[in-house]
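Enquirer: With the hints in hand, could you dock these two chains into one complex?
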Amino acid sequence: MTRMQKEEFTITAYTENHVGLLHRITIIFTKRKVNIESITASESEKDGIHRFTIAVTETEEAVEKIVKQIEKQIEVLKADYYKNKEVVQQEVALYKIPSKSLTNGIEVERIVRQHNARFLTIEKGFLVIEKAGFRRETKALFDDLIPFGINEFVRSGRIAVSREEHGIGEYVEQILSKS
Amino acid sequence: MKIMESQIVTKQNKKINTEFINGAEAVVKILIEEQVEVAFGYPGGAIMPIYDALYDEQDRIQHVLARHEQGAIHAAQGFARVTTKPGVCLATSGPGATNLITGLADAQIDSTPLVCITGQVPSSLLGSDAFQETDVIGISMPVTKWNYQITDANEIPEVLAKAFYIARSGRPGPVLIDITKDAQFQKFDYSYTCFKKIRSYVPKPEIDLSSIEKAASAINNAKRPLILFGQGVILANAEKEFKNLVEKTGIPSAWTILGLSALDTDHPLNVGMLGMHGNYGPNLLTNECDILIAIGMRFDDRVTGNLSKYAKQAKVIHLEIDPAEINKNVKADIPVLGDAKETISHLLKLVKLNSHEKWLQRFIDCAKIEREKVIDKELNPDSETLSMGEVINIINKHTQGDAIIVSDVGQHQMVACRYSKFSKSKSNITSGGLGTMGFGLPAALGAKLGAPDRTVIAVIGDGGFQMTIQELATIYQTKAKVKILLLNNEFLGMVRQWQQLFFEKRYSSTEMINPDFQTIVKGYYIPTKKVTERDKLEKSIEEFLNFDGAYFLEVMVGKENNVFPMVPSGAGVSEIRLE
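One line per chain: the protein sequences are C and E, in this order. For what it's worth, this note's numbering labels the leading residue of the first sequence as 168, then goes sequentially. For what it's worth, this note's numbering labels the leading residue of the second sequence as 2, then goes sequentially.
If you're looking for bench data, these hints aren't it; they were derived computationally from the structure. Mixed in with the good hints there might be a few duds.
[Claimed, not checked] Covered stretches of chain C (chain E as the covering partner; in silico rule of three or more C-beta atoms under 8 Å from a C-beta of chain E):
| hint | segment |
| --- | --- |
| 1 | 175-187 |
| 2 | 238-252 |
| 3 | 273-284 |
| 4 | 308-321 |
By construction, the Cβ of each residue, glycine as well, lies at the ideal position given by its N, Cα and C atoms.
Only chain E is shown next, with the shape it has when bound in the complex (with noise of 0.2 Å):
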């Protein structure tokens, strides 16, 4: 590559080094300035330039081949998740730029940072429904923070630089850039700079004190306060405050799915899982505590249950990056707006030591009832056939909390996210919001690049599995060593217990005729295992965890097994049935 050294002068008369080269190049130099490790991507026609600009720096970018773009986006989340980094993803234009969508829509509504660059036709073609031309810049604007279409190298570096302070400044998000094929080959005076502000962007909104002062006055005086803690604290970095705040107050917590890790799952003061499929205590008593704290979350529907039933006795008190968040679903007599780190800091300056005993005693009493109706049979069932929870129990005692679950959607991920223990932030990767099926393999993989020296396991139900299987090849051909469970129960299980429990048992499409998994992984070259029988399970697992590589093991569990407690659609949090 010969590069051509210049000066140009800027409007203030500055002096800055430029290089002559073209788009492509550009792109690639500032994927290095961004600390850009790891990219995922499928090539194609449109984004040839790019891809030949990696060529020459593969020893600084490692370009992750996946075997199908929406596989590619994933994994950039699932190594976002981990890294708290802009996943980055890249694909050509037309089909490749729309099998992105579905990740891109993942990535805005559980707010994972995402940069994704596509190619596109050449500038002088647009419009022109050229061969592989789709606007992907009107189709992805619903499901991305930000995007825009390069169609002059001279745009690059500042549209790019705004692209990785967009995706993850304030509430972070997915941003796609389109590149026109014409300015990747374009030769321009490349100089970069990283992007600091945006004058009409406020990634964290100013913090009012006066709002802090009367949330912690509120906290003060509150007698069954309860704590919803959400992402927010990890996107914030905000474990560590967020444990003070929650040791110093004594109040009990509980978790969104997106929320859990933050806090180790054994803290004496978790109490546990929010919403549909969440634990018994958290849900009752929302309608039961003077003062609800919401940190980081935005009361989806699945954590609220009906809206006119939910925490009606509180007093509401919202610590919230996003404006738009604030009444969205649940009114806030205390909106407290700013990034949780800086907000739960000012907090705990104000907020008295304090315990709540005989009110945590209620959550525990919760809890007994849970452990007696729904827990014990799930983790030591007296059934012939295994249960998703006795597999989870089996990997808590090896990980002892350290391993980072990366779950797919569905029953399994109920179960996941139940009953694994976590003592690192951080750790529990799951498609929240979108809960998209597919997502877990290939988050998998991301999550393992992202954190090489962790456990990462994926657990993922037989559905699931199907939609994204072809990753297998991705991990064979990265050696990356991600551990693969399948909870098989031959059905689309959680669309399963809806139809017995609301349709009439009329199992429409649910029951899948399945392959044999072992021959197709083998055809993967990553080792495998099935388990039927519990004298082998605990051995089987042990083998899994301690195989120095990739490694699949399928565990045949019950086929009509449910996920309980649970919250009725339509019903209020604290109509939770236990069976």
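Next comes chain C alone, as it looks inside the complex (with noise of 0.2 Å):
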């Protein structure tokens, strides 16, 4: 691969828990007409620090000018950016399919157990699945599960942590130790 072709990327922020600044983030990929494929904001391992986590399809040049773009924010205290190789990355998916499916033998449970999934609920009219696990995992099960009928299916955007022993956490507790 090189630096012009497109592949994916994950691009993680350690920020301030500010309001709009997931707007101010948001804009710096309008601006450029890239596309933004999921994007989450959560809580981070340090105290009032909040984390993005954003995965992107570009070419490494225009993801490092991004990033660049992404740390210049006020509120920003480091962002950094990772090829899938260098990241261990899940998205979770919940499945509602009609309980009736349950009834027609063991089928579905053979299927949820196969792709080590497991049932969150069982209710009356139908029941909710999930499974946590590679994009390609989530869509295997949901290949899987169409014969029965699946009446919601949502998936998560992609949360990520680097393949390194502490990642551009480290120069998060620098900056906070600072201050």
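Expert: Set out below in structure tokens:
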């Protein structure tokens, strides 16, 4: 892969928890007409510090420039980007299927076990299955459940941690300890 | 104003003296604390409490009532550019706030420090499509360095302290603070301390001395080095250090239009203007130098032309405060991050005393060619009609490079930048990155208020003049002694030039059937004169400059004159055309 070919990247940013920061970050992408495939904001391991995880398919050169612009925002402590092989990543998917599919033999249970998924709840009219994994894994379970009828399907954005021992969290720690 | 004083105990158990005042009074007190002496703005419903508080402090803060919020913000920009202090601008909610957007975008792209305060509908009405409600935080986000909405008066001191700190530190920029009307009325315990640090914000990157060493060694070994300097030198107040660097290394130095005036235009190592309408030598020789030293500039496309044909042979050293500018447009072989004043000082210690006579001679030879083919014709035209260049040339003769020149956008801007002489820094005020027509007149007013002892000349075309012409009233009301030079060619000249060269002379909507500007300006009680003949030009300019007060001089210039040289769009800098 050269820097000019598009590939999947995960962008991580440690930030203050500030109203409007999500918009400030997303407009950096909009301005360059880059599509955000998923975006997740949550607390991080550091007290009071939030963490954005953004999935994009772009050239490395474009991603590098975007990351610099993100880091330039006043409330961003540190931002960086990773290739797929540099992160451990997951997505969570929920599948709602009619409960009558359970009564039609053990087929659904077998599929759920096979995919390392689990039943979250079984209600009178429907049941909800949860599966965490890569995109291709959640998609595979989706395909296998199609014959039973899927009433609702939803998948979360990508969450990821780097494969380094500390990652950019270490820089964030340094910034916080200085202040 | 009745003030109750009390003490509050902070988390750290420190006792701070506080006053029990309302949010609007706090805003005005903070402006005074931040040494704001002039504020530009326009009142309206949602910002009335702040204007009411200003009423009590008229002796300490001069409020300049513009005639349109865009005029107010451009005036604040002009003020900021000559003083390097944040310009302050006030506007009401809704249309007041949206009228600031062009100025914010201009200040953002030209790194001008501004603190804009907008009124907002009461917090209970936010999101209800209330009268004059607009989401100014959302709208202004892409064009501000930082913005914030205050809905509780208790936030005012800390947020405004941050606003001033962010606007002026690091790479400066505009900040917008939106304050709901209820927060302006709300009483609270006020105390104020200036901000000096935000943990998530690094205004000046730490200097890596090894990068300075690398840069110095490349400079010391260079055979054909070229310095490109931009506004970073001015914003860092690094003019002295920069001049020492240029003189010690003997390197020919060329400027971007925002860098203009950082080094005397007559300095023997100042080789002129970069870019699309810049000088022949620096453009041509950008593609022959061996080391390109960019200082406080961002390789704008108007400077570089076609990037794939830009300085490919050169090793690039980039001194820059903003890490996001490194490798953005041109790859830096040796990036040197930091404030220009500091990095240049470090560099000065390591570079050797040098001269590059033969290489400098190349620039002198190019200047001679450009003089023969372009400059002589522009400054001493044999045509009957007047040229913009000859007007600027006579102004130079009388100001000796001492004036502040504020230009608008278009052909006259390029001519003003190309031919004006400057012997003092922070003297060329123009809309560079955004190219905002209408910038010139209000910015000149702001510049005059920021530098009252200096001659301020607004050089404006007939197109841009009509975009903010209402600010003549502000000039009249403030009695600011702004010299307004209108170079009237009855065309949108720059667009017409492109139509002539690239659109087969199809002059689509560029001819202007103008009003009588003399009558209009007289209506604003500003003395005026119109010149159409060469033999009256110099005397009129003398009158214009010597008059004690604002003055409007309209010079009719050739309708279809072109600005040359020119790097055509899409061409490389060395493909610069002289005719």
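Enquirer: Hint by hint, which ones does this structure get wrong, listed from lowest number up?
Expert: 3, 4
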